[in-house]
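Residue strings, one per chain:
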Amino acid sequence: MTNGGQVFLLDSPITAKREVARDMFVLAVRAPEIAASVRAGQFVNIGWFSGPLLRRPFSVYREDGENIEIILKAVGEGTSQLLAMKPGDRLSCLGPLGHGFGLEAGPRRAVLISGGLGVAPMPLAAGEATKLGIHVTWVHGARSSDELCTESQGHEVVWATDDGSKGFAGTAVAAAPDADVVLACGPNRMLAAVADRWPEARVAVETYMGCGTGVCLGCAVPLKRGGYDRACKEGPVYRAADIDWPSLPSHLPYAVTA
Amino acid sequence: MSDMAVAVGGVKLRGPVLAASGTFGYGTELPVLERRALAGMVSKGIFLRPREGTAPPRISETPSGMLNAIGLQGPGVDVLIRDYAPKWAEWDFPVFVNINGESALEYGEVAARLDGVPGVAGFEINISCPNVEQGGLYFGNDPRAAAAVTEAVRKRTSLPVWVKLTPMVSDIGVIARAVEAAGADALCAINTFVGMSIDLNAYQPRLSFRTGGLSGPAIRPLAVHLAHQAALAVRIPVIGIGGIMRAEDALEFLVAGCAAVQVGTATFVNPRAIAEVHDGIAAFLEAKRFTSLTDLPRYLPRD
Chain A
1 MTNGGQVFLL DSPITAKREV ARDMFVLAVR APEIAASVRA GQFVNIGWFS GPLLRRPFSV
61 YREDGENIEI ILKAVGEGTS QLLAMKPGDR LSCLGPLGHG FGLEAGPRRA VLISGGLGVA
121 PMPLAAGEAT KLGIHVTWVH GARSSDELCT ESQGHEVVWA TDDGSKGFAG TAVAAAPDAD
181 VVLACGPNRM LAAVADRWPE ARVAVETYMG CGTGVCLGCA VPLKRGGYDR ACKEGPVYRA
241 ADIDWPSLPS HLPYAVTA
Chain B
259 MSDMAVAVGG VKLRGPVLAA SGTFGYGTEL PVLERRALAG MVSKGIFLRP REGTAPPRIS
319 ETPSGMLNAI GLQGPGVDVL IRDYAPKWAE WDFPVFVNIN GESALEYGEV AARLDGVPGV
379 AGFEINISCP NVEQGGLYFG NDPRAAAAVT EAVRKRTSLP VWVKLTPMVS DIGVIARAVE
439 AAGADALCAI NTFVGMSIDL NAYQPRLSFR TGGLSGPAIR PLAVHLAHQA ALAVRIPVIG
499 IGGIMRAEDA LEFLVAGCAA VQVGTATFVN PRAIAEVHDG IAAFLEAKRF TSLTDLPRYL
559 PRD
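Just so you know, the protein sequences line up as chains A and B, in that order.
Just so you know, we're using the numbering used here here: the first sequence kicks off at 1 and counts up by one.
Just so you know, we're using the numbering used here here: the second sequence kicks off at 259 and counts up by one.
I should point out that these hints are in silico values taken from the structure, not numbers from a laboratory.
Hints may be right or wrong, so weigh each one.
Claimed, not checked - Now the stretches of chain A that chain B is said to cover, found in silico as 3 or more residues with beta-carbon under 8 Å:
1. 52-58
2. 220-231
3. 236-250
Stated by the list, open to error - One-sided excerpt, in silico: chain B residues whose CB lies under 7 Å from chain A:
4. L306
5. E310
6. G311
7. R316
8. G474
For each residue, glycine too, the CB sits at the ideal point set by N, CA and C.
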């Protein structure tokens, strides 16, 4: 999978904020160097003055050449502080980090499956796939329609809700058709279901993260072949069949996708 | 410019700020690093053989700190020699290897294997890791065991031998003196405190190992005190460690009697932390008109 490119440490002002679903927000920050080089599935590690000790990792949601966007909910003290900030407030952005989906030309049809905040890497993934001439079917699910981020960026999206209040009544995984390439991001339990159905799927996992740069070994991902590697460095995107899913914690207060 | 060079435990360093073990990998990972200010680094802890480390979750944030239980995941000494030492041999700062064992014999064996390998400048004996079932802390809170491990390493190498102490003792001076008498060239004080944090949704500890090592600014005043006590107890240099985020924090350790410092958790937050600490110390010395770091007043009232 791709990357290994240059990492930037930027002092980035917040440039915009919008609500995209109930309690779910997009923050845009000015980070031209990251916007120019980020690939789908990569993340930024964000810190701020008077914030908690550790940075918080976020998949890059969109970029416009000048700004990058992240998507988040208030799930803890850190994300609450971030959502209390206003345009002009400054964030320290370290990125782009990790290995993304690594899309390359070749496959004819790709299915993108996202759940909840797992929508985060999909706009970039859909854009990259389309540019490579890959036909994209994007399936996005949430518990209910008010929790569903319905920004489609012009792509055709199949909506799925657990309560049937919008689109397919059931999970995004159940709503997804087969394809040559499957990309997925969402809660780890959803990704485990993806792994059952498509062992070759490329999935972006969520883990606790300390440094985001490969030195603390805190974001251990248990592997089927034994041992662990680092979500921040070898991941966060993995071949679904490579992960020892029962050993990967599934409830995290903050994560790459949160 | 004030002279920032220091002599510590058998080596001359170009500055007083080193990278702490477990926070800097093998020195090859970090992006946006400024190596010019790095006086040296201590590698991630290594055992004779590869270790998988503990199951996740491995880290948990706490007020002004973090708990970690990585369990000394590492590739073993052979891979270290093959993959990393050749790179270290080309760098312009010394690399110390943090060595571990389940017995005094294993510590000695690791040191013997690394002794003379180009790129290895010396050793930091880890008798203070709280996150391994065998060894680690066990050796660090008993003066005889601490001395035995130090002796076992001392016998197998002519390189500088530093010993990283645990704060989980009732009198750090007792351990410090035992290790000094056993031939250590310097002490590193301190490793993490053992801590625990509970997940109220799961009714169980947040870390799979149950406990973890607490690091970060939360432990700094405790660390300054313990490093000071160690410095009072011995004649060999003490390298201060514990929650250093800024130059002022490092200067506290230096004034409290330390010859140098290691920066750890701060690197997770800011990959440029070491350079900023180094530059801040230099600016302090300039502002106070000290021509050399060795002129910095030390508070070490011995009886």
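Cross-check of the supplied hints:
1. 52-58: With 4 residues closer than 8 Å to chain B, the region 52-58 of chain A meets the three-residue bar; holds.
2. 220-231: holds (count 6)
3. 236-250: With 3 residues in contact (Cβ-Cβ under 8 Å with chain B), the coverage given for the region 236-250 of chain A holds.
4. L306: violated, 17 Å
5. E310: holds, 5 Å
6. G311: holds, 6 Å
7. R316: This interface hint holds because 5 Å falls under the 7 Å limit.
8. G474: At about 5 Å, which falls below the 7 Å cut-off, the nearest Cβ of chain A leaves the hint on G474 (chain B) intact, so it holds.
The structure fails to meet hint 4 from the earlier list, while all remaining hints are met.
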